[in-house]
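Number of protein chains: 2
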Amino acid sequence: MASEKKLVEAITSMDVDFAQWYTDVVKKAELCDYASVRGCMVIKPAGYAIWENIQKELDRRFKETGVENVYMPMFIPEGLLQKEKDHVEGFAPEVAWVTHGGLEELQERMCVRPTSETLFCDFYAKDIHSYRDLPKLYNQWCSVVRWEKTTRPFLRSREFLWQEGHTAHATAQEAQERTIQMLNVYADFCEEVLAIPVIRGQKTDKEKFAGAEATYTIESLMHDGKALQSGTSHNFGDGFAKAFGIQYAAKDNSLQYVHQTSWGMTTRMIGAIIMVHGDDNGLVLPPRVAPTQVVIVPIQQKKEGVLDKAFELRDMLSGFRVKVDDSDKSPGWKFSESEMRGIPVRVEIGPRDMENGQAVLVRRDTHEKMTVAIEELADRVGELLEQIQKDMLERARTHRDAHTYVAEDLDSFVKTVNEKPGFVKAMWCGCQECEDKIKELTSATSRCMPFEQEQISDKCVCCGKPAVKMVYWGKAY
Amino acid sequence: MASEKKLVEAITSMDVDFAQWYTDVVKKAELCDYASVRGCMVIKPAGYAIWENIQKELDRRFKETGVENVYMPMFIPEGLLQKEKDHVEGFAPEVAWVTHGGLEELQERMCVRPTSETLFCDFYAKDIHSYRDLPKLYNQWCSVVRWEKTTRPFLRSREFLWQEGHTAHATAQEAQERTIQMLNVYADFCEEVLAIPVIRGQKTDKEKFAGAEATYTIESLMHDGKALQSGTSHNFGDGFAKAFGIQYAAKDNSLQYVHQTSWGMTTRMIGAIIMVHGDDNGLVLPPRVAPTQVVIVPIQQKKEGVLDKAFELRDMLSGFRVKVDDSDKSPGWKFSESEMRGIPVRVEIGPRDMENGQAVLVRRDTHEKMTVAIEELADRVGELLEQIQKDMLERARTHRDAHTYVAEDLDSFVKTVNEKPGFVKAMWCGCQECEDKIKELTSATSRCMPFEQEQISDKCVCCGKPAVKMVYWGKAY
Numbered sequence: 023m024a025s026e027k028k029l030v031e032a033i034t035s036m037d038v039d040f041a042q043w044y045t046d047v048v049k050k051a052e053l054c055d056y057a058s059v060r061g062c063m064v065i066k067p068a069g070y071a072i073w074e075n076i077q078k079e080l081d082r083r084f085k086e087t088g089v090e091n092v093y094m095p096m097f098i099p100e101g102l103l104q105k106e107k108d109h110v111e112g113f114a115p116e117v118a119w120v121t122h123g124g125l126e127e128l129q130e131r132m133c134v135r136p137t138s139e140t141l142f143c144d145f146y147a148k149d150i151h152s153y154r155d156l157p158k159l160y161n162q163w164c165s166v167v168r169w170e171k172t173t174r175p176f177l178r179s180r181e182f183l184w185q186e187g188h189t190a191h192a193t194a195q196e197a198q199e200r201t202i203q204m205l206n207v208y209a210d211f212c213e214e215v216l217a218i219p220v221i222r223g224q225k226t227d228k229e230k231f232a233g234a235e236a237t238y239t240i241e242s243l244m245h246d247g248k249a250l251q252s253g254t255s256h257n258f259g260d261g262f263a264k265a266f267g268i269q270y271a272a273k274d275n276s277l278q279y280v281h282q283t284s285w286g287m288t289t290r291m292i293g294a295i296i297m298v299h300g301d302d303n304g305l306v307l308p309p310r311v312a313p314t315q316v317v318i319v320p321i322q323q324k325k326e327g328v329l330d331k332a333f334e335l336r337d338m339l340s341g342f343r344v345k346v347d348d349s350d351k352s353p354g355w356k357f358s359e360s361e362m363r364g365i366p367v368r369v370e371i372g373p374r375d376m377e378n379g380q381a382v383l384v385r386r387d388t389h390e391k392m393t394v395a396i397e398e399l400a401d402r403v404g405e406l407l408e409q410i411q412k413d414m415l416e417r418a419r420t421h422r423d424a425h426t427y428v429a430e431d432l433d434s435f436v437k438t439v440n441e442k443p444g445f446v447k448a449m450w451c452g453c454q455e456c457e458d459k460i461k462e463l464t465s466a467t468s469r470c471m472p473f474e475q476e477q478i479s480d481k482c483v484c485c486g487k488p489a490v491k492m493v494y495w496g497k498a499y
Numbered sequence: 023m024a025s026e027k028k029l030v031e032a033i034t035s036m037d038v039d040f041a042q043w044y045t046d047v048v049k050k051a052e053l054c055d056y057a058s059v060r061g062c063m064v065i066k067p068a069g070y071a072i073w074e075n076i077q078k079e080l081d082r083r084f085k086e087t088g089v090e091n092v093y094m095p096m097f098i099p100e101g102l103l104q105k106e107k108d109h110v111e112g113f114a115p116e117v118a119w120v121t122h123g124g125l126e127e128l129q130e131r132m133c134v135r136p137t138s139e140t141l142f143c144d145f146y147a148k149d150i151h152s153y154r155d156l157p158k159l160y161n162q163w164c165s166v167v168r169w170e171k172t173t174r175p176f177l178r179s180r181e182f183l184w185q186e187g188h189t190a191h192a193t194a195q196e197a198q199e200r201t202i203q204m205l206n207v208y209a210d211f212c213e214e215v216l217a218i219p220v221i222r223g224q225k226t227d228k229e230k231f232a233g234a235e236a237t238y239t240i241e242s243l244m245h246d247g248k249a250l251q252s253g254t255s256h257n258f259g260d261g262f263a264k265a266f267g268i269q270y271a272a273k274d275n276s277l278q279y280v281h282q283t284s285w286g287m288t289t290r291m292i293g294a295i296i297m298v299h300g301d302d303n304g305l306v307l308p309p310r311v312a313p314t315q316v317v318i319v320p321i322q323q324k325k326e327g328v329l330d331k332a333f334e335l336r337d338m339l340s341g342f343r344v345k346v347d348d349s350d351k352s353p354g355w356k357f358s359e360s361e362m363r364g365i366p367v368r369v370e371i372g373p374r375d376m377e378n379g380q381a382v383l384v385r386r387d388t389h390e391k392m393t394v395a396i397e398e399l400a401d402r403v404g405e406l407l408e409q410i411q412k413d414m415l416e417r418a419r420t421h422r423d424a425h426t427y428v429a430e431d432l433d434s435f436v437k438t439v440n441e442k443p444g445f446v447k448a449m450w451c452g453c454q455e456c457e458d459k460i461k462e463l464t465s466a467t468s469r470c471m472p473f474e475q476e477q478i479s480d481k482c483v484c485c486g487k488p489a490v491k492m493v494y495w496g497k498a499y
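So the protein sequences, as listed, match chains S and Y. Residue numbering for the first sequence follows my numbering, beginning at 23 and increasing consecutively. Residue numbering for the second sequence follows my numbering, beginning at 23 and increasing consecutively.
Since the hints were derived computationally from the structure, they do not count as laboratory data. Don't take every hint at face value.
Chain copies aren't distinguished; within one or between two, either way the pair holds.
Unchecked claim - Below, simulated DSSO-like cross-link-like pairs (lysine-lysine); rule was C-alpha separation at most 30 Å, straight line: (1) K325 x K412; (2) K273 x K325; (3) K105 x K171; (4) K447 x K481; (5) K351 x K85; (6) K107 x K437; (7) K49 x K85; (8) K49 x K105; (9) K345 x K78; (10) K107 x K459; (11) K325 x K107.
Small disclaimer: the values here were computed from a predicted structure and weren't measured.
Working from the sequences, and respecting the hints, build out all of it.
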């Protein structure tokens, strides 16, 4: 094994240089590549197949809550983008502008959507008339463009794929309930499918979405102790409705403004999977999102019957996403390659195994090896995939909890942030000045005010004034 | 019924004004709407759900042939677009140009992809090294932009959704086989799923794709006798490979150019479904692509037990895409609405039906009514959906064949085109001059040189010189 491992070009160790390790995994697991367009990426088959599984699972969960998919144009006329004051201030500096259509200059330039609130609002203003038209529970899968200065594959690119849900409701309460409902869909999806534990909470006013009344977030912790905002859900109140004139006739015939929400999750979750679960051998995929769950590697495959047996095992495992690696590479190379790609379970089958009526199973996450009787293979693989899924979530949770600290005063806060990568829980007075000061001192930002509040002390960690909220702080991607 | 039909606002009769009928159906069946961006559309839930079913079926068929999905950037730098001479000439006049990113002017402007040959080629040039890297069988689902002057919902819009497959092969033969294979995937999909019969054939040089060596097409006939190009598959030979320098080391270590194909199908197929199957009551959806296959309408739904029974029937029909319409509208209104939306089968259930242990089934396509015993409901609905699917294809084929004419000389050709909407089969000498002349005289274009050739005469219908091919001609969308 040891010598054959070298066959697969080594990746940087994550403890030596986490950023380089990340880039190496993205490249060697063939998830994505840079494109000729600066800051944009080519998502390759291995990366896109993960996104397809994310889409499938999320889409199903959305539809179970009554959401319907639609498609809005990718362009926003400048005048439309400017209708909501906070929103345009937040996005105008980072959009791409189209000025010419064919050979002619446009009368009004258009941006490529950085997000589609304005388009949905424009549509809702025309489409919503009566309380009978509500709620509108629309979502779209598309790509958006934000002209970022520094980019990293999946985490921050000038174009990325996402879904954006946009709903309109008769009442403020209904909008608030939908905002939280979708946040919970994201949180459950992350934990159940991606095996990534999340903190659910509310963003401070400083960190909320441009134009939102309140932004809710799920925050996860990467292996290097940095936080990643993993999904957000916004309650807009009736702010956009007033800016765009979205009114409906209520049952009593009075004219009312709708209340709106939006919520999104993006391809950056592929980056989260890499950074939460990966190791020095490459990607480690949670079984529920893995495009290939089981790889079968024949040993001495040129010996009679071995390849046939490998395909026989594949047919026995047809309830899973399974592949036989019958390429002309050596078994050791195949092992390393399937580890690099993060395939959860490897099945090895050779002449000696066949004689004994057994096969060898190897877990990608722990490298644990076990021998199983072939007639029990399908059952054991099923159990193992379930176990791996569960263990990966638990391991990530243990890691996160072990890297979550508490600070009661500014000195210990600064010391913790500087010395111990992770979340810091600390009390906050509610003033942006303290957020600004903490960011200046440590580069950590408020990640969220968690729904599960704890009373660490009664004073703000920064200014010492009476605290109103316990906040998770951290350096973030 | 007659009086209640008026409840649903009438649509223009297709015989009175086909174009207005089409627009009315698009609007009243709530398939799409115009957006604030001129020439772009908002695809509404009823329209997008059809597209999702098209995607699902096509994607499965692609993957069965080994195709993998990827995602390329939406922008093409101007220099990249210009690398293949014919291609840029074909597309440059109709692209949208991005000139600014954020507040800064770009050093090189970029267009929003009108199609992605250049991006795939740029990627393949970096990613393909050896014969071991071939074939590349990539596809992407995305939206593209072509700055058209006149637009119509689904049929021609400035932005539309599609898939574009791009493959690279070691040999010319393999590329040609893939080109035809994918054309056949499209043809089978249209006939089996959309119930739209197609003519398979090759485009003339005049009508082929910009940069292609050969373009193959499937052509279908709309109810008004106009043709619709429904899917195309292009063989590029090694033209793009030479322009982009896409070479691989062959087994004998010689450096060879790859041979490429591309193939695409778009949201215009929703327009085709409307125009092939629709009638004066609205949309008629083939069961296999219908988002809702069965609607259950309770009669006298306020009477005890009726609604419960309706939901009981829904559960019995859980193998189908089924909905109960329990809104507070009248049954007649519900009938008209479900007809407008094209739902293939309606189930009516009321107190008298319940007494008799039966329900009423109504076919959307023929309006035929039948009474079935409730215990046989699921079986009968299943059979009926199959029958409708089959009958719709046959009806469309009969209509097409009845509107396919033969012309042996120019006079009868012009007369036929002017008087009888449909396809005209006629011989052709192979010269573009004759194509141009026919277009000038009749506005009909060559649709394709069908694979199934017939020898109508031995002379070109236009110039009388020796004929080389039989061609389908027609006025097209």
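Hint check:
1. K325 x K412: This pair counts as neither: shortest intra-copy Cα distance 38 Å, inter-copy 50 Å.
2. K273 x K325: between (78 Å within a copy, 25 Å between copies)
3. K105 x K171: both (26 Å within a copy, 28 Å between copies)
4. K447 x K481: Only inside one copy: K447 and K481 sit 13 Å apart there, 87 Å across copies, limit 30 Å.
5. K351 x K85: Between copies only: 25 Å across, 44 Å inside.
6. K107 x K437: This pair counts as neither: shortest intra-copy Cα distance 39 Å, inter-copy 61 Å.
7. K49 x K85: Answer is between; shortest inter-copy Cα gap is 24 Å, intra-copy 34 Å.
8. K49 x K105: Classified as between: cross-chain Cα gap 27 Å, same-chain 42 Å, threshold 30 Å.
9. K345 x K78: Both ways: K345 and K78 sit 21 Å apart in one copy and 22 Å across, limit 30 Å.
10. K107 x K459: For K107 and K459, only the intra-copy Cα distance (27 Å) is at most 30 Å; the inter-copy one is 57 Å.
11. K325 x K107: neither (72 Å within a copy, 53 Å between copies)
Consistency with the previously given hints fails for numbers 1, 6, 11, ordered from lowest to highest.
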